[in-house]
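Could you put together the complete structure from these sequences and hints?
In this note's numbering, the protein residues as written are 1 to 280.
Hints are not guaranteed to be accurate.
Derived CB-CB ranges, DEER-like [stated by the list, open to error]:
1. Lys-179 x Lys-58: 36 to 44 Å
2. Glu-224 x Gln-141: 15 to 23 Å
3. Glu-181 x Asn-148: 16 to 24 Å
4. Met-1 x Lys-58: 30 to 38 Å
5. Asp-265 x Asn-182: 15 to 23 Å
6. Phe-147 x Ala-73: 31 to 39 Å
These are calculated hints, taken from the structure and not from any lab test. Everything numeric in this text was worked out from a predicted model, so none of it was measured. Where is the CB? At the ideal position from N, CA and C, for every residue including glycine.
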Amino acid sequence: MQNIFLTGGTDGIGLSAAKSLLAMKHRLFVTYRNKKKLDAVKHELKTFYDNEKITFLKCDLSEPSEIDETVNAISNSKIKIHCLINNAGTILFKKSFNSMGIEKVFATNHLGPFYLTNSFLEKNLMHSGSRIINVGSSAHQRAVLDFNDLDSSNSRSWYERYSRSKLCNLLFTLRLSKKLENKNISVNCVHPGIVKTNIAQDQKGILQFIVKLVLKYKGISPEEGADTLIYLATNKTVQDLSGRYFANKSETKPSKEALNWDVADRLWQESNEIINRLSS
Numbered sequence: 001m002q003n004i005f006l007t008g009g010t011d012g013i014g015l016s017a018a019k020s021l022l023a024m025k026h027r028l029f030v031t032y033r034n035k036k037k038l039d040a041v042k043h044e045l046k047t048f049y050d051n052e053k054i055t056f057l058k059c060d061l062s063e064p065s066e067i068d069e070t071v072n073a074i075s076n077s078k079i080k081i082h083c084l085i086n087n088a089g090t091i092l093f094k095k096s097f098n099s100m101g102i103e104k105v106f107a108t109n110h111l112g113p114f115y116l117t118n119s120f121l122e123k124n125l126m127h128s129g130s131r132i133i134n135v136g137s138s139a140h141q142r143a144v145l146d147f148n149d150l151d152s153s154n155s156r157s158w159y160e161r162y163s164r165s166k167l168c169n170l171l172f173t174l175r176l177s178k179k180l181e182n183k184n185i186s187v188n189c190v191h192p193g194i195v196k197t198n199i200a201q202d203q204k205g206i207l208q209f210i211v212k213l214v215l216k217y218k219g220i221s222p223e224e225g226a227d228t229l230i231y232l233a234t235n236k237t238v239q240d241l242s243g244r245y246f247a248n249k250s251e252t253k254p255s256k257e258a259l260n261w262d263v264a265d266r267l268w269q270e271s272n273e274i275i276n277r278l279s280s
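If you want it as structure tokens, here you go:
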């Protein structure tokens with residue numbers, strides 16, 4: 001049995017992953033944002049867990065203060081994590097900001113996982129031989145970061161904001177793999193596919209209709225989307241691989257920009273600066 005920390009485990013890919021991992025008898029720590037959704041999920045998971053196998057933690061990944069509370073809860077439990085899965089993500093068609101003025105897609109999809117992961121590492125909460133998995137997307141392929149507008153708060157395109165955040169996932173994976181060299185901790189990024197999830201459920205209007213239509217006819221099931229994630233979390237054949245990008249249980253090549261070490265280094269530095277500024 002391993003201790004697995006899963007963000008965004010109450011819906012879509014995360015929920016499917018939680019079910020599979022519980023069926024494998026692992027112990028889960030699952031973050032949630034919406035209490036009503038959590039209550040429904042608890043009922044749904046009754047056949048998959050007992051109270052000793054799963055712990056739910058309220059954590060909005062766009063809010064650093066909630067990440068701090070979550071990290072402290074794990075630290076106080078004296079438990080070491082074998083696998084950290086940064087799954088939580090969002091798409092917002094209308095621009096929105098967190099309580100500290102950071103654009104919410106960037107805050108949720110990149111800055112939150114960046115801060116959470118580094119907090120786990122700094123507090124020595126990861127077990128020797130552990131794995132970190134970042135859920136990315138093929139949407140990163142044409143994205144290029146603008147360091148004059150890193151959180152894309154000036155962008156008028158919802159897709160640009162989202163695709164840049166997904167590029168950040170890959171650049172973070174690349175840079176973190178270098179930091180973790182010789183520390184017996186791996187980190188990889190996964191594209192789950194175009195999955196039928198409720199990632200845009202809070203949005204309204206024609207864009208939501210179009211997204212739902214695309215997912216209905218082109219999307220795969222959350223169970224299929226979770227397959228590669230589960231593979232990276234549990235399969236022994238990938239245990240020693242790090243800094244890689246996977247899709248359909250196979251290593252695949254990301255965009256040229258996602259392999260740019262200069263961009264990865266600068267993103268790391270500026271992400272740290274944002275966190276330090278917010279914490280001061």
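A quick look at each hint next to the structure:
| no. | hint | in the structure |
| --- | --- | --- |
| 1 | Lys-179 x Lys-58: 36 to 44 Å | 29 Å, violated |
| 2 | Glu-224 x Gln-141: 15 to 23 Å | 21 Å, holds |
| 3 | Glu-181 x Asn-148: 16 to 24 Å | 31 Å, violated |
| 4 | Met-1 x Lys-58: 30 to 38 Å | 24 Å, violated |
| 5 | Asp-265 x Asn-182: 15 to 23 Å | 19 Å, holds |
| 6 | Phe-147 x Ala-73: 31 to 39 Å | 34 Å, holds |
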